[in-house]
Amino acid sequence: ILNVEQSPQSLHVQEGDSTNFTCSFPSSNFYALHWYRWETAKSPEALFVMTLNGDEKKKGRISATLNTKEGYSYLYIKGSQPEDSATYLCASNTGTASKLTFGTGTRLQVTL
Amino acid sequence: KAGVTQTPRYLIKTRGQQVTLSCSPISGHRSVSWYQQTPGQGLQFLFEYFSETQRNKGNFPGRFSGRQFSNSRSEMNVSTLELGDSALYLCASSLAGFYEQYFGPGTRLTVT
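Keeping their order, the protein sequence lines are chains A and B. For reference, each letter of the first sequence is one residue, going 1 to 112 in this note's numbering. For reference, each letter of the second sequence is one residue, going 1001 to 1112 in this note's numbering.
Some clues are possibly wrong.
To be verified - Covered stretches of chain A, as calculated for chain B (at least 3 residues, CB under 8 Å):
1. 21 to 35
2. 43 to 57
3. 102 to 109
In case anyone wonders, no lab produced these hints; they're calculated from the structure. All C-beta atoms, glycine included, are put in the ideal place defined by N, C-alpha and C.
My request is simple: use the sequences and hints to build the entire structure.
See the structure below:
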């Protein structure tokens, strides 16, 4: 993996569904993996920053895991709500701590 | 505390002109990064400044430049504007490069 890749590109779920997204990143020279949430007409907002292999972070109904050896991270949303509708971006500091490389994001739409 | 501010919020310029965008980070943050977002592209890293020094630069032509002042405020300049420079330009501040980044509202640049 040379770049940060996210899948799926978009997702449409019903309220109450649980969902998860994948982020793949270069595993060599790894510093940190970030998850951001970007709602329309707003600025990206940090969800998690993870640095250690096996890290798990949780904020309310959203959680994330990190595998630095194989270069992937999962973001989980439990019981999706319409207000979770946003683009979820992951980004990695790889090779240098001062450069953040973003994936193209997963666009989530939650309907009633 | 006050968030990241960017000025101006919107800008319309003509091909060949130059433009300067400004970013004021959160108080105490010494790292400022700049990103470009165009339709269909993720956030593309432009450069990162820390304590008035550019520590990293993305793959953009030399027409894109930046600087950081002693109060951590940062400016980016684009000379000889091209139609393809039309984009949303976001700046983000953090304590250091690999900590969570706080994004400003962005400057929407349109080049005609």
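Evaluated hints:
1. 21 to 35: With 3 residues in contact (Cβ-Cβ under 8 Å with chain B), the coverage given for the region 21 to 35 of chain A holds.
2. 43 to 57: The restraint on the region 43 to 57 of chain A holds, since 6 of its residues have a Cβ under 8 Å from chain B and three suffice.
3. 102 to 109: Holds: 4 residues of the region 102 to 109 of chain A have a Cβ under 8 Å from chain B.
Violated hints are absent here; each numbered hint is respected by the structure.
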